[in-house]
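Please assemble the complex out of the two chains, which come individually in their own frames, going by the hints.
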Amino acid sequence: MSVFIPLAVLALAILIMTFLNLTPGVYALFSHYCHGKYHKKKAQDFSFFFILGAEITASCLFLSTYLLVAIFIADLPRIAINCIIWILIGLLFALALASLFFYYRPNKGTQLFIPRRIANCYNFHARNAKTRSDAFCLGALSGIPELLFTLPLYIITSGEILKMSSTHPASSLLTVLYIVIPIIPLFVTRFHFRHGYNLADIERSRVHNKNFTRIILCVSYLLIATLITCFRT
Amino acid sequence: MNQIFDEKTIRKELRIDAKGLGIPSGAADVFIDKTIMVAKQKIKSKKIITQNDLERIITTELKKYNADFAYVYENRDKII
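One line per chain: the protein sequences are P and G, in this order. Quick note: the first sequence uses the working numbering, first residue 1, plus one each step. Quick note: the second sequence uses the working numbering, first residue 1, plus one each step.
Chain G with its partners taken away, still in its complex shape (with noise of 0.2 Å):
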């Protein structure tokens, strides 16, 4: 589990996509620290988890938040 959820990494890839987003600094770390809290609960209950696991469900969370955030996590891969 720790080779995939690298909390630091992520954590700072969604500092960069929220700010290339224009939302400001405080409301991002508000969003990403609720959107890794509820990732590290998931996580928890679970015996194996995949990078695909993962990433849907930190688009979920980030979904409830801002729509545009979950989009850039969801397609970052899938834009060329």
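Just chain P, with the same shape it has in the complex (with noise of 0.2 Å):
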């Protein structure tokens, strides 16, 4: 029992994961963009560089909560740790609702939560990138409006990984799955590029799965409160 309750919520915080649109979103319309612009070499190097700075900041982000986890908040009395996972949990039913209610803005296409100003930011650089840099810079930046999504979930698995890797040191490696895990969505986007699927397409099939998302991310931030609530309080 002690394992399988942390696997399930990392596995269920790598489901959230994995489903979250915005990076795989800015990296639909900059492989678009690339491919309409530059000849395929290029454009291929771009996403590389793309999907590299995606990564880049998804470790460093999950890395650093990980160690300031492991130095603050484990070593707190249990008393403030009860009263930190009480926060956690309310805000994870809290983006349970956000999800399934805010996650897509109500109109067609698959406008996300994110401020106008801010999207049409990402859609005029993926638009006008013309350097590596540019395309790595796109992509370590494209996660971070989705923030108030992930930290929570990076704060809890942290929490579950170092709670873990007391009983089993082994376990410390899970770490390393979350880190490669988040990417995979970029992976399959660029597999679908490769083979002759165009930005139509998988913007039609994202207009389709909306509301399977939605309750995706819904069920899966509940179930994972519940699991908190139920044998970590």
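A hint or two may mislead.
List of simulated lysine-lysine pairs, BS3-like, C-alpha gap at most 27 Å [claimed, not checked]: (1) G/LYS78 <-> P/LYS210; (2) P/LYS42 <-> G/LYS19; (3) G/LYS40 <-> P/LYS37; (4) P/LYS40 <-> G/LYS19; (5) P/LYS37 <-> G/LYS44.
According to the in silico footprint, chain G covers these stretches of chain P (three or more CB under 8 Å from chain G) [as the list claims (entries may be wrong)]: (6) 35-43; (7) 110-124.
These are computed hints drawn from the structure, not numbers from a lab. C-beta: ideal position from N, C-alpha, C; glycine also.
What follows is the structure, given as structure tokens:
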């Protein structure tokens, strides 16, 4: 039981990370414009740097959260930890509702909750990326507005991995898994582009799966919140 | 009218979209030329035209030639 709960929380967190839509959306747009402006080799090169940027941001954010949790939260007294856990549970319930009602804007496309000015900025930079560093920066910054949805997960999974590693030292290797998984949607999008799918096909499938994504996100957040409420308070 | 109907920019954007979608450049040029010609004709008869009107005209016209092309042009600001 002591291993199954953290593993379940981790699996659900990974599921949420793969269903979040901002970075794959920016990547699809970026890839489309790259294929439209440059020859195939250069477009693939830029794509690689975009993915590298996204990966580095994801790993930096997760590892810094892991470190902060290990240094500051793990040694706190039980009452303080309980207090933090209840705050996180509240946040998870709020995010479950937010993912159901606010994650997508209520209109035809797949516009996300982020402010329109930021979305336009991503749009502009995806359209006008000219160098590898542009691609890298765009990839690195594309996950930042979604921190609202990811940061509580980072904190919770860090706590769970720390707790598990005290009894099973090998489980700290799960951090690697947690770092690698969030960029899988980018590789899937890349795979689609390389196998003849275009932006229209990808966007149609995103629109088609919009409600499914909402439900998966909501249920996953609720399940994590329930697991933490039942087994960690 | 000159402020919003910048033919050169629209042509450039449409060419990028067409290449991104894998439409052969010759065919894309024909689609774009025809679309812009029709858009110009429709604009001529109106006193005032908004950006949305222009986009709607271009989308309707592109739909006749290639559904993906029209879809991407229509939704290019609605993806993120």
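Practice prompt. Could you work out which earlier hints the structure fails to respect and list their numbers in ascending sequence?
Written response: 5
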